[in-house]
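Work the whole structure out from these sequences, hints included.
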Amino acid sequence: MAINQMSQAPPAEQKGSKVLIGTGDNRLQDAVYRDGTIWAAASDACMPPGDSQIRACARFIELTAAGKEQDFDLGQAGAYYFDPAVEIVPDPSPIVGGNDLIAAFNRSSAKEHVSVVASGRRERQDPPNTLRIPVLVKAGEASYLVSATNGVDRNWGDYSGAGFDPLR
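Quick note: the sequence shown uses the working numbering, first residue 1, plus one each step.
Do not take every clue at face value.
Unchecked claim - Taking lysine to any residue pairs in the SDA-like style, the calculated list, with each CA pair at most 20 Å apart, reads: (1) Lys-111 / Gly-78; (2) Lys-111 / Ile-54; (3) Lys-111 / Pro-49; (4) Lys-138 / Gly-163; (5) Lys-68 / Ile-38; (6) Lys-15 / Glu-123; (7) Lys-138 / Asp-165; (8) Lys-68 / Asp-100; (9) Lys-111 / Gln-76; (10) Lys-111 / Lys-68; (11) Lys-18 / Ala-110; (12) Lys-68 / Leu-28; (13) Lys-138 / Ile-102; (14) Lys-68 / Ala-40; (15) Lys-15 / Arg-132; (16) Lys-111 / Gly-16; (17) Lys-68 / Ile-3; (18) Lys-111 / Gly-50; (19) Lys-15 / Gln-76; (20) Lys-111 / Val-137; (21) Lys-15 / Val-146; (22) Lys-18 / Gln-125; (23) Lys-68 / Arg-122; (24) Lys-15 / Gln-53; (25) Lys-138 / Glu-87; (26) Lys-68 / Glu-123; (27) Lys-68 / Gly-36; (28) Lys-111 / Val-135; (29) Lys-68 / Pro-127; (30) Lys-111 / Val-19; (31) Lys-15 / Ala-142; (32) Lys-15 / Asp-165; (33) Lys-111 / Ala-142; (34) Lys-15 / Ser-115; (35) Lys-68 / Ala-85; (36) Lys-68 / Ser-7.
None of these hints come from the bench; they were simulated from the model.
Here is the structure:
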């Protein structure tokens, strides 16, 4: 089963500094399995709609025993999305069924310090190959300037995390 090709994401701009942030490579960074479905996430290079520049985007892939179900990049014009994490949230209703997806990742731009955002999709409601508009979880507060070499900073971090409250 083949997935779409992934490319090394470019380093990310950040507010208040010319130092670029390393966004990691394009290996899978997170994967989760539930009820016959695997969702995986990675950083990827893409050109978001309405942009003219290649940016770091969050890549999401859904696999089942039947094959590849979804394989898409999530990006935003002028912004960089990187270090995505995923979690499958089981639907508590046996009548509705399905598993929903939640995702957490980092976002930065020339106008925003690195921040944490979250998104997701309802399996039975949302169109394939889409996530909902990301919402801000925690705004960044300062530029990231640790260990800069050659104008490109070391990676912001290798991983993010996503989880759900099983008692909800």
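Hint check:
1. The hinted pair formed by Lys-111 and Gly-78 meets the criterion: a straight-line CA distance of about 9 Å does not exceed 20 Å.
2. Proximity of Lys-111 to Ile-54 is assessed by CA-CA distance (about 17 Å); at most 20 Å being required, the pair is judged to hold.
3. A threshold of 20 Å between alpha carbons decides the hint, and for Lys-111 with Pro-49 the separation of about 19 Å falls inside it, so the pair holds.
4. Taken as a hint, the Lys-138 and Gly-163 pair is honoured in the structure, with Cα atoms around 16 Å apart against an allowance of 20 Å.
5. At roughly 10 Å between alpha-carbon atoms, Lys-68 and Ile-38 fall within 20 Å of each other, so this suggested pair holds.
6. The hinted pair formed by Lys-15 and Glu-123 fails the criterion: a straight-line CA distance of about 35 Å is larger than 20 Å.
7. Taking the CA atoms of Lys-138 and Asp-165, the gap is about 19 Å. The hint holds against a cut of 20 Å.
8. For the given pair, Lys-68 sits about 17 Å from Asp-100 by alpha-carbon distance, which is consistent with the 20 Å threshold.
9. Between Lys-111 and Gln-76 the alpha-carbon distance is near 13 Å, which keeps this suggested pair within the 20 Å criterion.
10. Distance check on the hinted pair: Lys-111 and Lys-68 sit about 36 Å apart at the alpha-carbon level, beyond 20 Å; violated.
11. Simply put, Lys-18 and Ala-110 have alpha-carbon atoms about 9 Å apart, close enough for the 20 Å limit, and the pair holds.
12. Taking the CA atoms of Lys-68 and Leu-28, the gap is about 15 Å. The hint holds against a cut of 20 Å.
13. Distance check on the hinted pair: Lys-138 and Ile-102 sit about 16 Å apart at the alpha-carbon level, within 20 Å; holds.
14. Of the supplied pair hints, the one linking Lys-68 and Ala-40 holds, its CA atoms being roughly 11 Å apart against a limit of 20 Å.
15. Between the alpha carbons of Lys-15 and Arg-132 the distance comes to roughly 25 Å, so the proposed pair goes past 20 Å and is violated.
16. At most 20 Å may separate the alpha-carbon atoms for a hinted pair to count; Lys-111 and Gly-16 meet this at roughly 8 Å.
17. At most 20 Å may separate the alpha-carbon atoms for a hinted pair to count; Lys-68 and Ile-3 meet this at roughly 7 Å.
18. For the hint linking Lys-111 to Gly-50, the alpha-carbon distance of about 17 Å falls within 20 Å, and the restraint holds.
19. Our distance criterion of 20 Å between C-alpha atoms is met by Lys-15 and Gln-76, whose separation comes to about 16 Å.
20. Restraint check for Lys-111 and Val-137: satisfied, since their Cα atoms lie roughly 17 Å apart, inside the 20 Å limit.
21. Distance restraint check for Lys-15 and Val-146: the Cα-Cα separation of roughly 15 Å lies within the 20 Å cut-off, and the hinted pair is therefore satisfied.
22. The suggested pairing of Lys-18 with Gln-125 is violated, with an alpha-carbon distance near 41 Å, which exceeds 20 Å.
23. This hinted pair checks out: Lys-68 and Arg-122 have alpha carbons roughly 18 Å apart, not beyond 20 Å.
24. Proximity of Lys-15 to Gln-53 is assessed by CA-CA distance (about 18 Å); at most 20 Å being required, the pair is judged to hold.
25. The suggested pairing of Lys-138 with Glu-87 holds, with an alpha-carbon distance near 19 Å, which does not exceed 20 Å.
26. Proximity of Lys-68 to Glu-123 is assessed by CA-CA distance (about 15 Å); at most 20 Å being required, the pair is judged to hold.
27. Between Lys-68 and Gly-36, the direct Cα distance comes to roughly 12 Å. Compliance with the 20 Å bound is thereby established for this hinted pair.
28. Restraint check for Lys-111 and Val-135: the C-alpha separation of about 16 Å stays at or below 20 Å, so the hint holds.
29. In summary, the hint linking Lys-68 to Pro-127 is supported, as the alpha carbons are separated by about 15 Å, within the 20 Å threshold.
30. Distance check on the hinted pair: Lys-111 and Val-19 sit about 14 Å apart at the alpha-carbon level, within 20 Å; holds.
31. This hinted pair checks out: Lys-15 and Ala-142 have alpha carbons roughly 8 Å apart, not beyond 20 Å.
32. With a C-alpha separation of about 33 Å, the suggested pairing of Lys-15 with Asp-165 is violated against the 20 Å cut-off.
33. A threshold of 20 Å between alpha carbons decides the hint, and for Lys-111 with Ala-142 the separation of about 12 Å falls inside it, so the pair holds.
34. Between Lys-15 and Ser-115, the direct Cα distance comes to roughly 11 Å. Compliance with the 20 Å bound is thereby established for this hinted pair.
35. About 19 Å separates the Cα atoms of Lys-68 and Ala-85, which keeps this hinted pair within 20 Å; it holds.
36. Pair hint Lys-68 plus Ser-7 holds up; C-alpha atoms about 19 Å apart against a cutoff of 20 Å.
Comparing the model with each numbered hint stated earlier shows that hints 6, 10, 15, 22 and 32 do not hold.
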